[in-house]
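Undergrad: Dock chains B, C, D and E with the ligands against the given chain A, drawing on the hints supplied.
Residues per chain, in single letters:
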Amino acid sequence: MLTNLISDDRPRSLILTGLLLGILFCLALAPFLFPGVRSLETAARICIFIVLVASYDLLLGYSGIVSFAHTMFFGLGAYGVALASVHMGRGYDALIVGTVSGAVASALLALLIGLFSLRVRAIFFAMITLAVASAVAVLVSQLSGLTGGEDGLNYSIPRELTPAFKLGSLFGVSITGKLLNYYLVFFASLALFLLLLRIVNSPFGRVLQAIRENDFRAEAIGYRVVFYRTLATCLSAAVAAIAGSLFAIWLRYVGPDTTLSFEIMLDILLMVVIGGMGTMYGAVIGATIFVLAQNYLQNLMGVASGATEGLPLIPQLLDPDRWLLWLGVLFILSVYFFPTGIVGRLRSED
Amino acid sequence: MTSAAPDHAPKYAQLSLPDRIGKAMPLLLVPLLVVFGFLSIGSTSSWLTLTVSGLAMGMMIFIMASGLTLVFGLMDVINFGHGAFISVGAYVGISALLALESWTGVPSLLLNVAAVLAAVIAAMCVTGALGWGFERVIVRPVYGAHLKQILVTVGGLIVIEQMIHVLWGPDEIYLTRPETLKGAVTFAGAAIEKYRLLAVVFGLALFVAMRLVLKRTKIGLIVRAGVQNGEMVEALGYHLRLVFIGVFIAGSALAGLGGVMWGLYQEVITAGMGEEMMILVFIVVIIGGLGSVEGAFIGALLVGLLQNYIAFLEPKLALISNIALMTAILMWRPQGMMPVVKAK
Amino acid sequence: MSDPILELSGVHTDIAQYHILQGVDLVVPRGGVTMLLGRNGVGKTTTLRTIIGHWQAKSGSLRFDGADITSLPTPARARAGIGFVPEDMGIFSDLTVEENMILAAASGPLDPARLDWIFAAFPPLRTFWRSEAGNLSGGQKQMLSIARAMAEERQLYLIDEPTKGLAPAIISTMAGALRDLKKKGASILLVEQNFSVAKALGDTAAVMDDGRIVWAGQMAELAGDAALQERLMGLTMEAH
Amino acid sequence: MTQMLLETEGLTVRFGGHVAVDAVSCGFRAGELTAIVGPNGAGKTTYFNLISGQIAASEGTVRLMGEDVTRDPVASRCRKGLGRAFQLTNLFPNLTVLENVRLVIQARRRMGFNLLSMATSHRELTVAAIAILERVRLHPLAEQKVGGLSHGNQRKLEVAILIALDPVVYMFDEPTAGMSVDEAPVVLDLIAELKAEKDRTILLVEHKMDVIRSLADRIIVLHNGALAADGDPATVMASDVVQEAYMGRDLADV
Amino acid sequence: DIKIAHVYGKTGALEAYAAQSHNGLMLGLEYATGGTMEVNGEKLVVIEKDTQLKPDIGKALLAEAYGDDEADIAVGPVSSGVALAMLPVAQEYEKILIVEPAVADSITGENWNRYIFRTGRNSSQDAISNAVALGGEGVTIATLAQDYAFGRDGVAAFREALNASGAKIAHEEYVPTDTTDFTAAAERIFNAMEGVEGKKKLFIIWAGGGNPMGKINAMDPSRFGIEIATGGNILAALTAYKELPGMEGATYYYYEIPQNPVNDWLVKEHMDRFGSPPDFFTAGGMAAGIAVVEAIKKAGSTDTEALITAMEGMEWETPKGTMRFRKEDHQALQSMYHFRTEIQDGKDYGVPVLVREIGIDDMDIPVRN
Ligand SMILES: Nc1ncnc2c1ncn2[C@@H]1O[C@H](COP(=O)(O)OP(=O)(O)OP(=O)(O)O)[C@@H](O)[C@H]1O
Ligand SMILES: Nc1ncnc2c1ncn2[C@@H]1O[C@H](COP(=O)(O)OP(=O)(O)OP(=O)(O)O)[C@@H](O)[C@H]1O
Ligand SMILES: [Mg+2]
Ligand SMILES: [Mg+2]
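Same order as they appear, the protein sequences are chains A, B, C, D and E. Per the working numbering, the very first residue in the first sequence carries number 1; after that it's consecutive. Per the working numbering, the very first residue in the second sequence carries number 1001; after that it's consecutive. Per the working numbering, the very first residue in the third sequence carries number 2001; after that it's consecutive. Per the working numbering, the very first residue in the fourth sequence carries number 3001; after that it's consecutive. Per the working numbering, the very first residue in the fifth sequence carries number 4001; after that it's consecutive.
Same shape as in the complex, but just chain A (with noise of 0.2 Å):
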C-alpha cells in the first residue's frame, strides 16, 4: 500500500525519510503547530513550490531538458484563475474553468515549444525559452487591458475559502475559512506530487532517464525520442499551471511579479538543484529549504548583524538590506557542496 502510493521509490536513506516525514508532518498540521498569519502563509507557499518544482525536476532532473519558460506556465496556470474569477465572478465554476483551461493552454503551448525544440540543440533551446519567457512577461505587462499589467489583477474566490467565513475555533486555532483553503492547497500539492512520483517511477518514466542520458541511442531501440520529450514537457507544464492556479485561488491575486519573473524561474532553479536533481524528494527538500530561507533569512540577518555590531563592514554585509547578498552566496555554496543535491548527498553517506 505504502510502496504502491510512493510508487516503490524509496528515500533510500535514514536521514531523508526523516526529514520527509518531519516535513509532511509539519505541513500537515501547520495551522495547528504554528499559529499565526506569515507561517500559514509560508506553509501555503511550500507547498505549491514543492509541486512547481517538482513538475520542473520532471523536465530538467528527468528529462535533461533546460527551460526557462517554466514560470510562464505557473502564471498560466494563475492568470486562468484570475481572469475567469474577474469574468465570471466570484464562484467554484470560476475556480475549476480557470484551473483546467489554465492546464490546457499551458499543455498546449507546451507542446508548440516541444515540437518546436525538435530543431534547436539543447542550450539553444534553453536561450530561446529565456528570451520568449521575458517577452511573454513584458507582453502581459502590455496587455494592461486584459491582465491588468504590472499592477496584476484582484479578485474575490468564494467566500467559503477566505478569511471571512469563520467557523469557530479547535485547539486554540480559529477555524477560518483560510484553514479551508490551506487545506485545498495541501492535499491538492500532496495528490499531484504523489502523481509526480508515480510518473517517473513508471516506464515512461525509465525512457526519459535513458533519453537524457543518450537521446541517440534511445532512439536506435526503437524510442521515438519527440514523442517522449514533448510528452514530458506537456505533462510538466500542466502540473506547473495547476500549480499556479492553486498559487491563484490561495493568494487572490496574480501579478507579473509573483509569477512571471525571471527570479521565480531562477528560484525554482535552485531548488530543484539544492534538493537534487533528478529525484522528486529534493523537490520537497529544496523548495522547503529555499522558501524558509527566502521568508526567515532577513530575520536572521538583523539579529546577525544586531549582535555584530562594532566590528568593521560585517554589520553592513549582514544587514537585512543585502540579504540577496547572501542568497547569491547560497547560489555558490549550494553548487559546490552539494553537486548531487542533499538528496544525493544523504544517499551518498548511507
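What the hints contain is simulated information worked out from the structure, not anything from laboratory work. Using N, Cα and C, we set each Cβ at its ideal position, and we do this for glycine too. You can take every hint at face value.
Derived DSBU-like pairs: lysine-lysine, alpha-carbon spacing no greater than 35 Å straight-line:
1. K166/A - K4297/E
2. K1316/B - K1023/B
3. K2182/C - K3208/D
4. K4200/E - K1194/B
Using C-beta positions, here's what the derived DEER-type ranges look like:
5. E3244/D - V2214/C: 35 to 45 Å
6. R2212/C - N3090/D: 27 to 37 Å
7. H3018/D - L1032/B: 25 to 35 Å
8. K2058/C - P1018/B: 55 to 65 Å
9. A3192/D - P1018/B: 43 to 53 Å
10. P2073/C - V1166/B: 32 to 42 Å
11. R2212/C - R3109/D: 43 to 53 Å
12. P2073/C - L311/A: 35 to 45 Å
13. A1328/B - D4364/E: 49 to 59 Å
14. L1032/B - S3058/D: 23 to 33 Å
15. D2014/C - G22/A: 32 to 42 Å
16. S3058/D - R10/A: 49 to 59 Å
17. E1101/B - K4043/E: 44 to 54 Å
According to the in silico footprint, chain C covers these stretches of chain B (three or more CB under 8 Å from chain C):
18. 1213-1226
19. 1231-1240
TA: For chains B, C, D and E with the ligands alone, kept in the frame of chain A given last:
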C-alpha cells in the same frame, strides 16, 4: 619508408547552386536587410538615420557580446556573471571619467577620447581581475555542466551586483558624455549621434583585433579542443588551465569595455544594467554561431538594424523582433549562422 | 643495454573507490617496442593513463628518461617527450583534420616533411584534410589519432589498441610507420589485442592480469610458447 | 528462393559533394550471414546508417520485408525489425548494465508510454534482461554502471542490446574490435547461434579475415562508396579488388 | 503603544527610493510629534517589513503586520503592483493602509476600498499638472511613453487635461519599456511633426532609468522646431536635464521650490543628518508620517472607524504645503510645480526653477473609483 596503403579516391559530385549561395549567405544578410529597409521605409533621410544608428547600435552590442563569444561561444560556459562584469565595467569606467572631469569637461576631442580610453583601461583591468577571481572560485568546478554554470554564475551575478550597491550605493548614477561626444552631426537630413561614431571605431577595431588573435594563434583551437576533451589537450602538452583562465580574463575584460561604452551611451548606470542586456547579448552570440567572432559581429549588426527598422515601421512588433530573428535564423541554421563550435 | 626510458615501480591507481592498479612494475627499454598484453579489463588502459597522468598514481613511482615524473602534471609529462594515443582515440571531433594536426604540433608549426611521411602512411588524412574529424570513418579516426602522436618527435609513444577497426592494408602500413618511429630512436609502449600484430612488432612484452604485471620478457619467447599464452591470456591455438 | 528480408536499391548519400555511398543495390536473405568488407572509409558504416536511418538517403530506397522504410525515422525502423550495434560504443553510461538491457526489452514490448504503473512491478522485464546478459556472460556485472566498464565489456553489452532487440535484420559493426582473444569467441559463437536460427539475416562489418572466413556465407565489398564485389567468400577474397585495395601486403612480409 | 507598520520594498530595484521614503516617514513622525514620538501620551513604534518588491510577499507581510504584530496603521509600499496586492488585506483586517509613494491611479481608483488612503500623488496628478504647464492655444504636442499601463494611462490623462487648454496632440508614440535605442521613435515623431505649424513640443512620460530625453535631444529636434518637455524627477536624474536648459514641465517636488516651515525644517534637518537635500520620496514619506500623527490626534484613538472619519477631508501641512484627503477616494490632493530648468553654478545638474505653483484647485483630478 614503408609502402603507402592504397589511397582511395572518393567520388565527388558537383555542388548545386543553392548550396553554393548558402555558404555566402550570412555575409549577404546585412546588405539585404539594408536594402529591405530602404524599400519599405520610403523617406531617404529617415532610412539613412535609422541605418547608420542601427549599425552603430549593433557595434555597441557587439562590444558587449564579444566577451561572451569567447566565454560562452568558445569555452562553453554559460556565464550570467558577464552581465555583472558589464555593470562593474561601467561603474569603474564612469568613476574614472568623473575623476577625470578636467579632461572630459573641455571641448577637446583629443582629451575627451583620452579620458574615455583611460576609463576603458581602468574598467578592463578591474573586470579582468574580477574575471580571474570568478574563474578560480566560481566557474572552475563547473566546466562542462551547463546547469550548474547557470546557477553558480547567477549567484556570482547577484553577489557582484550587491557589492556594487555596498560600494557605490543603491542609487542610479547619472552622467553626461565628454563635451565633444555630445550632440549629433547632421548629414543629408539625417542626424547621427557623435558618440555612435566613436562606438563604430571601437567596435571595428575590436573586431579586427579579435579576428587576428584567433586566426593567428592556436588559442581558439586549444579552447575548442579543450572543451571537448581536456585530457587529450593536456596529453598533447598544453596547459589547458592557463589557457582557460586567460581566455576567461579576456572575456571579462571585454565585458568591462562593453560596460563603459554602454554606460556612456545610456548616460545612467545601475547595478542591474548588465543583467538587462544579457538576453540580447546571448541572442547575438547564438545567431552568430557559437565561437564565431564574425558571426557575432554580423548578428549584432542585424539586431541593431532590425530593431530600428521594425520600431520605425511597426512599433508593436519591436518587442518580438529579436526573438523572431533568433527563431528564424535557428530554423534556417540550427547551429547559428557561422558556427565555429557545435552547440550541444 | 642503456637505462630504460620508462620505469614504473609498485604503481597503485584508484579510480573512484575501486582499486584498479595493484602494484605495477614495468620497464620499457629505450629504443624498442614493448607490448602490453592481457585480457579485457585487466588494467592496460589504466596503466597508460597513469603514465600520461590522467589518473594520478596513489603510490609507487614513475621514472621517465631518468627523471621522476610521479608528481608532474600531464602537460609537463607530454612536453618531456611522451606521446599518447588513447583507447577512445580522443579525436577533437568538431575540429578539422588539419586543426587536429596543428594542435598536435605543440611546440611550433607543423613540419612539412613529417607531414608527408604521415600522409604516406595514412593517405585518407590528406584526402579529408579540411573535413571535420568527427565525420571520419572509424578507421580514419584511428589513423588520425596515431598521426597526431607522430606529428612531433617524441621519445616515448603510448599507444592503446591502434589497430582496432583498421583494414588489413592499413594495419600493415601502420606497422611500418611504427617501425620507422623506432628507427628514428623512439620507444613505444603498445597495447594490442591482435596477437599477430604484437608478434610482428614487439621486441619485449609484458602481460597484465588483475592490475599487475604477471609476466615480462622477450616477445619472441612469448610468441613461441603456446602454453604460456594459453595460461596468461586464455589464447587458444585456433584463435591465431 | 527465399524472400529478401532487406533490400537496398540505388542507395546513395552525399555529404556536400562527397559521395560516401554510391548507388548501392543489394538484397539480403533470411538465414544468411553477409560480411561487408572494404577499406577504411569505404562507406560501410555509412551504409549501415542509411539502412537504420541515422542518416537520410540522398537517393534510393531501403525495403524491409518488402515495405519501403526509406522515410521512416530511426525508432520505427527499429521497431519494424532493423537492429543495429554501433562501431563506436554508444550506451547509457550512467545506468546499470541491467537497466541498459531492460530498457531495450521494454521498448520491444511497447511499454514506453505506460505512465501510471510502477516500473518495478514489471518483473518479467528483469528476468528477460538477465537471461540475455547471461548469454554474453555479462551477468556478474549486471548492477555496475556502464561508464565504468572496460572497453571490451562495453562491446559485449553493445551486442547484448542488439540481441535484446530481437530484430529481423542484425547489423554488427566490428563487434569484436578491441575485444581480447579469449573474449571474442563468446561474441562470435553468439553470432553463429543467431545465424542458426535461419529466419533472420545478419550483416557483419569486420576487418578480421579469420572471423569472416569462419562465419560468412557471402561477402560484399564496398570501395569508394560503391559495390565492388558480391559473392561467395572464396571467390571474393581471391578477387583483385580485395587483394589490392583491401588486404595490401601481408603483415608477415612487412 | 501605537504600532505603525512600514511595509515597503527595501531591497530590490527600487532600493534607493525605499530608503528615501523611510527616512521621510521617520522625519514626519518626529516633526509632527515635536520630537517626542508620542501621540496622545502613547508611544509610536515603527516596524519595518521588506516586500522585496514582490506582491505576494507584500501581501503576506501586511497580513502579518495587522494580524500577528497588531499594527494599527500601515504605510507603504513603493511599487504599484505590490500596493494593489495589498489593498484587499486592509479590507480583510479592517485597518488603515496609507499608500505612499506608489502612483497607480487604480489604487485610489477601481481597486480602492474605504481603508485605503494615499498621501502620494497619482499618475493623473502628474499628467494633468504637466498638461496645465505645457498647454495653451496653438501648441501642438507629441507624446512619447512606455508601452504599458503607466505610460498609456498617463498619456490618456494628459490628453484629456490638455484638451481644455486649447493645445492639441499630433502624435502618440509608445515604445517597449526596455527600449534602448530611440532613433526609430524619434524619427516617427519628427516625421509626424514636420509639417505642423506653430509651437511644437514633445512631451516625454518616462518612469525609471534609461530616460530617452538626452538621446532624443542629441538628434537635434530643434531642426524641426520641436522642444522637449518632461515632468520632474529625482535629484540624481536631473543630471540629464543639464543638457536641456529652458525646458519646461511640471514636477512633484524639488527641495528649493516649496516655501513653508515644514519644508524649511525638512531641508535643514536632512542636510544636517544625511549631508544631502531631501528628494521626491523623502518629501512623500514625511507627508505620510505627518498624516498618521494628525489623524490619530484628530480621531483621539486608533480605532479604524474613528480614523476614517477623521481622515476623510482632513487637511494637514506637509513639505509640499497643505494637502487634503478627498472624501470620495481618499486621494491626497496637493500642489504641483510648473518649472523651467536652469544651469546654476555649483550644481552639476539642471535645476528646476519654479514658474508657477499649480494649486489644488488648478487641477481637475477625476475620481475613478
Ligand atoms: N571510470 C571508471 N570507473 C570505474 N571503473 C573503471 C573506470 N575505468 C576503468 N574501470 C575499471 O578498471 C578496470 C581496468 O580497466 P582498463 O580500461 O584499464 O582495462 P583494459 O585492460 O584496458 O581492458 P580492455 O582490453 O577491455 O580495454 C576494469 O575492470 C574497469 O571496469
Ligand atoms: N556525416 C558525415 N559528413 C561528412 N562525411 C562523412 C560523414 N559520415 C561519413 N563521412 C565520410 O564518408 C566516408 C565513409 O565513412 P564510413 O564511416 O561509412 O566508412 P567505413 O567504411 O565504415 O570505414 P571504417 O572501416 O574505417 O569504419 C568517410 O570518408 C567519411 O569521412
Ligand atoms: Mg583498454
Ligand atoms: Mg565504419
